[in-house]
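*Asks:* Chain residues, written in single-letter form:
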Amino acid sequence: MAAPRSSASSEPATPLRHRHLLDLSTYGAAELLHLLDTAQEFRDVLDRPIRQVPTLQGTSVASLFFEPSTRTKLSFNLAASRLSAETISLSKSGSSVTKGETLKDTARNVEAMKVDLVVLRHSSPGAPHFLARCTDSVIINAGDGAHAHPTQALLDVLTMRAHVDSFEDLRVSIIGDIAHSRVARSNVQALTTLGAEVTLCGPATMLPVEMEAALDVRTTTRLDAALDGCDIAMALRIQMERQDEGLFPSTREYHRQFGITLNHLRRHPNLLIMHPGPVNRGIELSDAVVDHERAIILSQVTNGVALRMAVLYLLAPQREAA
Amino acid sequence: MSSTNRIQAQLMTARDLGRTLDRMAQQILESIDPEEAQAPAEAFAFVGMQTRGVHLARRLQARIQEQAGVELPLGLLDVTMYRDDVRLQLEQPRIQTTRIPFDVTNRHLVLVDDVVFTGRTGRAALDALMDLGRPASVQFLTIIDRQHREVPIAPDIVGRTVPTLPDEEVRVRVREVDDEDGVWLVQSSPHDAPDTR
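As you go down the protein sequences, you meet chains A and B in turn. Okay, so the first sequence: first residue is 16 according to the numbering used here, each after it adds one. Okay, so the second sequence: first residue is 51 according to the numbering used here, each after it adds one.
Rather than coming from a laboratory, the hints here were simulated on the basis of the structure. Owing to the predicted nature of the structure, the values given are computational and were not obtained by experimental measurement. Any given hint might turn out to be false.
Said to hold, decoys possible - Here are some, though not all, of the chain A residues that point toward chain B, as calculated from beta-carbon distances under 10 Å: (1) V60; (2) I65; (3) V68.
Claimed, not checked - Between beta-carbon pairs, the in silico distance windows are: (4) A:R34 <-> B:D134: 19 to 29 Å; (5) A:P30 <-> B:R69: 38 to 48 Å; (6) B:T155 <-> A:S99: 49 to 59 Å.
We put the beta carbon where it would ideally sit given N, CA and C, even for glycine.
Put together the whole structure using the sequences plus the hints.
*Replies:* And the structure:
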């Protein structure tokens, strides 16, 4: 028999037009919404007594993490196993990478093991794009340098969606080290495509002036200006090593100028707080803000698994028809 | 009707479909034991399979409400995640809502679909239901049994059995989504891969 089609032949199939998930710059609103809708259905699976479905039985997912990561890697592996896919993992330490194998050769070897999807985390921007060009596997970017972290941004907008009626009237401020943040960049792309207004805020040393024009966003170096009229504030993790580079004087100084505290929550009674984690308590967010009911950081984590299930499901390559 | 499919015959008019549903509702009511201590709304439920099964189940629910004054709960089931051909499709099928607002365990379920063909969708539905709990029983209801089973799935409540050819298709149309009620036998267009129900 020829490749069978969905029984409900009048239902529109997926509007997804991409083979890989490299960054969100070329994803249109219909594609993003389809990913979010699919994630919502998988989100419900996670609340059932049996949190596993047989959807991707026989599919193999390789996670290649050339940079340390705990939650993204765990989240992808959990998403794969919830879909009954097999996973193989490779991290930088204890692999042939430390023996000097190039990225291309590692990927080719993994591909030769007949892997369907490759999840890649790498410190070089563009590494996933390079892999997509030199192998036949479907590539999912799990963070490449300061460039993009598309699944993080998608899970962030999925979390936002549960709290707002539409992206059209939504105002989001992203606060922190914008210049070095792939999370900020991918969020800006997803949010502006969906019609939200984005404000970027941080110390001038961490907020490139070109961004305003290049990304169609507002920028400010004043936290109060960023929080005025804002619905959701997303604080980014400050990397401690940036202090040595002289980008900010001290963590205490940073907290005084850009840290969100209970005073801000009192002044903005509807403001929601997000953070991609891990949080530096007392720096980006005060202790009380992290534990506040308007901080929706943990639902970001649960949504991460559902969103990654949707990405794996929608990008899993089709098998040759029997 | 879609222009790519040539209509062979009309199998049921709107009136026929209505009477079939009347009869099916009656059949379901007869299976509810009036001596049973548990209230019917606690012991029974409909599970409509996306998309048309949901609308058909709603109509059965309304008929039972009219005739017996009880509202049996209704759940929505999308079996996409349980299909055996997900990765054989040309494109990944869109996943629709599954919403079962009751505990399936120890409940008698009536699983509602529009057409049964290969039986693979019914197989997927049973697996999906078993993952949600342990129903007391499952009865499979379908408007049309078009035969050509590939797995041993048998409907319990059937509107009509229609012997079909493999390259034909049966279209059950419901006014909620198709603007009209009725059942048609169509010749699938050469560009269309066959239906797999």
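*Asks:* Going back to the hint list, which numbers does this structure go against?
*Replies:* Structure breaks hint 6 only.
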